[in-house]
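J.: Top line first, the protein sequences correspond to chains A and B.
Numbering-wise, the working numbering comes out as the position in the first sequence, counting from 1, plus 35.
Numbering-wise, the working numbering comes out as the position in the second sequence, counting from 1, plus 35.
What the hints contain is simulated information worked out from the structure, not anything from laboratory work.
Please note: incorrect hints may appear among the correct ones.
Since the list can't tell identical chains apart, any single copy or any two copies may satisfy a pair.
Simulated crosslink set (DSS-like; lysine-lysine; CA at most 27 angstroms straight-line) [claimed, not checked]:
| hint | residue 1 | residue 2 |
| --- | --- | --- |
| 1 | K186 | K70 |
| 2 | K72 | K89 |
| 3 | K77 | K89 |
| 4 | K192 | K177 |
| 5 | K177 | K77 |
| 6 | K177 | K191 |
| 7 | K177 | K72 |
| 8 | K259 | K142 |
| 9 | K89 | K192 |
| 10 | K142 | K72 |
| 11 | K89 | K78 |
Being a predicted model, the structure only gives us computed values, none of them experimental.
There are 2 protein chains.
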Amino acid sequence: MADQGPFLTSCIIFYLSIGAAIFQIIEEPNWQSAKSKYVLEKKNILDRYTCLTKEDLDNILEIVSEAAGQGVTISGKMHTSAWDWSNSVIFAATIVTTIGYGNVAPKTVKGRVFCILYGLCGIPLCLVWISELGSFFGDRAKRLSQVLIGKGVTVKKVQFICTALFLLWGLLVHLVIPPFVFMSLENWSYLEGLYFSCITLTTVGFGDYVAGVNPNITYPALYKVCVQVWICMGLAWLSLFFSWNVHMVVEAHKVLKKRRLRHKSV
Amino acid sequence: MADQGPFLTSCIIFYLSIGAAIFQIIEEPNWQSAKSKYVLEKKNILDRYTCLTKEDLDNILEIVSEAAGQGVTISGKMHTSAWDWSNSVIFAATIVTTIGYGNVAPKTVKGRVFCILYGLCGIPLCLVWISELGSFFGDRAKRLSQVLIGKGVTVKKVQFICTALFLLWGLLVHLVIPPFVFMSLENWSYLEGLYFSCITLTTVGFGDYVAGVNPNITYPALYKVCVQVWICMGLAWLSLFFSWNVHMVVEAHKVLKKRRLRHKSV
Ligand SMILES: [K+]
Ligand SMILES: [K+]
């Protein structure tokens, strides 16, 4: 720790600073123009409807803002409840997987207290389950490699095949194919689908895109279940991948350190 | 896996079903009343401002909804940018820690692509850093126990003291004290502060409460930095705690399994 701690800390600080600058450069103009457009449109509304004063409009917006804060969809029709059982299952799943989209969130005191307790028990349970699922897939890969070795394939080739299959599976099932499904069922663009997949499977979960909750779309039966299963399989895949990835980073760092030490001693 | 996999899977399914039912019971009435209130208020607005037809109001709400979708605050004044550098740092930090509040999220194609790449590199880096930080705190605890043992305290007492200090630190610094700080600086109730702490430190991050981003509050200097440091320390504490907790669950399960086997063989 005395060696790699400060190095890692400065890495993180540097990474955050640079990332923030890039995000600011990319996103601020878009936000500024959206804001200006909104200010202009508010002015247009006041010009068009002369019975509305500026205070009246502010009051209306306050009402809308409060409703939005309570999780009510502010425009369009709303036939389905935000808290029916199937949506509640999705919500509970977002807690225990720590994705936490936040498109629905408890607003009552009771709900919040239960949410805290639910997470405290559910998150470790889900962690254990996901890692079990990951090691289940790992076992399948091991069995495949044993079968291949039994058929006389060299160990190096088997390792290559297993790694390639593992990466290909992840790439196809969790990145390349799902956006096409979302394109046809959620009316998102390919990039939006890809963004949703990445943000979900890394458990970041911004909640700007959530699959299966658009009240204006009638989904096929079992679609919501499939999405949940897909998320869990993705997390299991990632738990295998990340443990391997983090392991590689640590190993690479050790190699670098050894080289540095050897360099010094020479 | 052949033994505990199906058991864990049924546990998760049961846990989600029950949790969803409880959330539905608690939250649906509140959502229903908020929805009815909103419908009523929309009707009141139409009654009060006779120059507005239903279509006009729907158009206005569409405009408001679109602006909200672009991350513009729809009511109140907005002096500060959602994407200034300090907010961008907070945003970048929510990606790499996988908290992902989603109160700000990239809206441009470029921003989304960068966000995906940024997370892919940043999340493993942050994971390694957090676990390093955790083991740093673990080392301090070990050193403390060595000092205590050197002073002639028995090993059992030292273990008890270290565990108690560890739990007390977590309880005070990450659960009991922060809500008081948020009460005074963010105007939240104690429960809201506690809810924010729990939702943040479990990295669920719904984003309904985010510290340091209210545009109507002038925060003390360094407050945002303190919040970020507090979050990182909390995650490090939890990485220690959860590794210990998950370990305990697995151990308890093994003990149960052994007992069951012994029971069967008797
Ligand atoms: K999250
Ligand atoms: K989130």
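J.: Determine for every hint whether it applies to the structure shown.
T.: Outcome of the hint check:
no.	hint	in the structure
1	K186 to K70	neither (65 angstroms within a copy, 65 angstroms between copies)
2	K72 to K89	both (17 angstroms within a copy, 23 angstroms between copies)
3	K77 to K89	both (9 angstroms within a copy, 18 angstroms between copies)
4	K192 to K177	within (14 angstroms within a copy, 45 angstroms between copies)
5	K177 to K77	neither (62 angstroms within a copy, 62 angstroms between copies)
6	K177 to K191	within (14 angstroms within a copy, 42 angstroms between copies)
7	K177 to K72	neither (57 angstroms within a copy, 58 angstroms between copies)
8	K259 to K142	both (24 angstroms within a copy, 25 angstroms between copies)
9	K89 to K192	neither (73 angstroms within a copy, 69 angstroms between copies)
10	K142 to K72	between (31 angstroms within a copy, 15 angstroms between copies)
11	K89 to K78	both (9 angstroms within a copy, 20 angstroms between copies)
Of the numbered hints given earlier, the model fails hints 1, 5, 7, 9; all others are met.
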